[in-house]
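Q: With the hints as extra help, turn the sequences into a complete structure.
Number of protein chains: 2
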Amino acid sequence: MRHELPTFADIEAAAARLKGLAAHTPLLENAALNELAGGRVLLKAETLQRTGSFKFRGAWNCIAQLPPEQVKGGVVAYSSGNHAQGVAAAARLRGMPALIVMPCDTPLIKQERTKSFGAEVVLYDRATEDREAIARRIADERGAVIVPPFEHPHIIAGQGTVGLELAAQAREAGAALDTVLCGASGGGLIAGIALALEKLSPATRITVVEPEGFDDHRRSLISGQREKNERAAGSICDALLSAQPGQLTFAINQSRLAGGITVSEDEVRRAVAFAFAELKLVVEPGGAVSLAAVLAGKVDTKGRSTGLVLTGGNVDPALFAEMIRGAG
Amino acid sequence: MRHELPTFADIEAAAARLKGLAAHTPLLENAALNELAGGRVLLKAETLQRTGSFKFRGAWNCIAQLPPEQVKGGVVAYSSGNHAQGVAAAARLRGMPALIVMPCDTPLIKQERTKSFGAEVVLYDRATEDREAIARRIADERGAVIVPPFEHPHIIAGQGTVGLELAAQAREAGAALDTVLCGASGGGLIAGIALALEKLSPATRITVVEPEGFDDHRRSLISGQREKNERAAGSICDALLSAQPGQLTFAINQSRLAGGITVSEDEVRRAVAFAFAELKLVVEPGGAVSLAAVLAGKVDTKGRSTGLVLTGGNVDPALFAEMIRGAG
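So the protein lines, in turn, are chains A and B. Heads up, the first sequence is in this note's numbering, so the first residue is 3 and it goes up one at a time. Heads up, the second sequence is in this note's numbering, so the first residue is 3 and it goes up one at a time.
Keep in mind that the hints were calculated from the coordinates and are not lab data. Owing to the predicted nature of the structure, the values given are computational and were not obtained by experimental measurement. Among these hints, one or two may not hold up.
It does not matter which identical chain is meant; a pair holds if it fits inside one copy or across any two.
Okay, derived cross-link-like pairs now, SDA-like style, lysine to any residue, Cα gap no bigger than 20 Å in a straight line [unchecked claim]:
hint, residue 1, residue 2
1, 201, 132
2, 201, 260
3, 21, 36
4, 21, 127
5, 117, 36
6, 21, 33
7, 201, 15
8, 300, 40
9, 117, 37
10, 117, 38
11, 21, 41
12, 201, 180
13, 230, 34
14, 117, 33
A: Below, the structure is given as structure tokens:
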């Protein structure tokens, strides 16, 4: 697939399409967190987005633009879970059938929630099978459209609406954002945010945060080419396991991101527990990496304004219970 | 104590005092909840307030107005936990020592968090001891000021800022509030909200929600006099156990509330689990009673706009883990 890079105007058009359907999620600030950080930390709570993560934005921006003759064939997506829910909910809003190809180690809650939006779920083995090939075969059979998780200008433009809102809300809060932190799997969200902030807040340094061992974006920014992760599974951050940055997302991110940070599994767990105890927010491990970076002191927050995205909150109750044990 | 009823102007003055110190908490809306309710449900998330509940508003409005000569003696409060944290945080901001008299069955997290704001904690037995008498004795010894949990015009005016914000945010969201639901312990929050909405949204019916067996407000509204609960403890809703409505709060609520609803312990647990799984919010049992009433179908939400307050999110991790088991 060859695609044009999305533009700032595409993000504005996406915002118009999402109006009244996606939540305009709040930019939260917490006294206890500011005190710890020694500066202002502004949290874009995409955990409170429709379907519990930012993914609905890109999915709807993509699905809303499909021509009427493609509605009947439905959509197919491959996803570790949050994109699946976003696509399933968006397809239902458009009146389209949806089939999602999911790794079999996807947390049960994400499988169940995807089905609850009326989607069909097909499982595959992350280590041995190629999800894109499976999705393509099924899409061909059904005459369905594939909604990719990140490698599409409509997806990136949709996720970029997070950046539009973040910039406007930070301005309203009287904060000039020195840094914005955001996790990345394929890099669609951070690419969209980078495009939005390039226009609206050009002095902001945008930094990608990844789990240790899955820092393909960080390494790619250093080497200048798309690096791969060694492992395909085995992190608590199930939402952040794409093998490598997308071509399109890397074309955007390469020149626009300031660099990358990694966080350990323990740091992620502590961030989830902090979000429970202090922020009163349910954040999934993969959604908490930016907060983890702040809490672990891996970003210079002193006397600065730091924006970060809490990207999702779809976490299995049993895992969540284990992570918050002793928090408070 | 005899006090004048607070006025709408007092609530506006409280809002000015709280500006920049209290969070302007978001009014959230959730597609899944709207679908269940068959109407719009607007959630005022005071769980995201400074100290994790609405209580900081009243505490700061009270403490900020103390004359300078009373700063040194400090403040004393009696509280099941959320007011304690609100008072402790407000006292620290004013540079005052704080001592909190707490029932010994107060969830550990509320005790620990109160201490984390620099307050001293003294425990008492809810069933056999009189917390007001203990607080008065200590306050006399120390020359400290008592900050009561609800029975004071400054407290009620402070909590009333929730109503100011709720009315403005609902208007912004294009919703004419048919009903507002709010829990009550002493009734300060709902009294403040009633005073604010009387001016800003007079057609809104304001309904108090209480745990079964602790429905002193509901029964008082029916009988026209301040009724007492039979039990002093034994509900999962530890924040809602005041023995009876206050004189001052009842003087406000009696003519302004539309009536009362009760919810069972199971309904509260389901609401906490729903808030976890769908709203991605951490809500304590006592903070979830209004949501419980909606989810249990005890309020007519069909085709209507219903506002409700999620009053607090300070819940022990072990209890929370137990309540969310199987949610998702």
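Q: Indicate which option fits the pair residue 300, residue 40 if close means a Cα-Cα distance not exceeding 20 Å: within, between, both or neither.
A: Classified as within: same-chain Cα gap 13 Å, cross-chain 46 Å, threshold 20 Å.
Q: When Cα atoms must be at most 20 Å apart, do residue 21 and residue 127 count as within-copy, between-copy, both, or neither?
A: neither (37 Å within a copy, 53 Å between copies)
Q: Is it within, between, both or neither when you check residue 117 against residue 36 at 20 Å Cα-Cα?
A: between (39 Å within a copy, 19 Å between copies)
Q: Go through the copies and call it for residue 201 and residue 260: within, between, both or neither, with a Cα cutoff of 20 Å.
A: within (16 Å within a copy, 51 Å between copies)
Q: At most 20 Å between C-alpha atoms: does residue 117 with residue 38 qualify within a copy, between copies, both, or neither?
A: Between. Shortest inter-copy distance 17 Å satisfies the 20 Å Cα cut-off; intra-copy 40 Å does not.
Q: Give the relationship of residue 230 and residue 34 under a CA distance limit of 20 Å: within one copy only, between copies only, both, or neither.
A: neither (38 Å within a copy, 37 Å between copies)
Q: At most 20 Å between CA atoms: does that hold for residue 201 and residue 132 within a copy, between copies, both, or neither?
A: Answer is neither; intra-copy 37 Å and inter-copy 62 Å both fail.
Q: Can you give me the call for residue 117 and residue 33, within, between, both or neither, at a CA distance of at most 20 Å?
A: between (38 Å within a copy, 16 Å between copies)
Q: Go through the copies and call it for residue 117 and residue 37: within, between, both or neither, with a Cα cutoff of 20 Å.
A: between (42 Å within a copy, 16 Å between copies)
Q: Within a copy, between copies, both or neither: where do residue 21 and residue 36 come within 20 Å Cα-Cα?
A: between (31 Å within a copy, 17 Å between copies)
Q: Is it within, between, both or neither when you check residue 21 against residue 41 at 20 Å Cα-Cα?
A: between (32 Å within a copy, 18 Å between copies)
Q: When no copy is named, should residue 21 and residue 33 be tagged within, between, both, or neither for a Cα gap of at most 20 Å?
A: between (30 Å within a copy, 13 Å between copies)
When each numbered hint is compared with the structure, violations occur for hints 1, 4 and 13.
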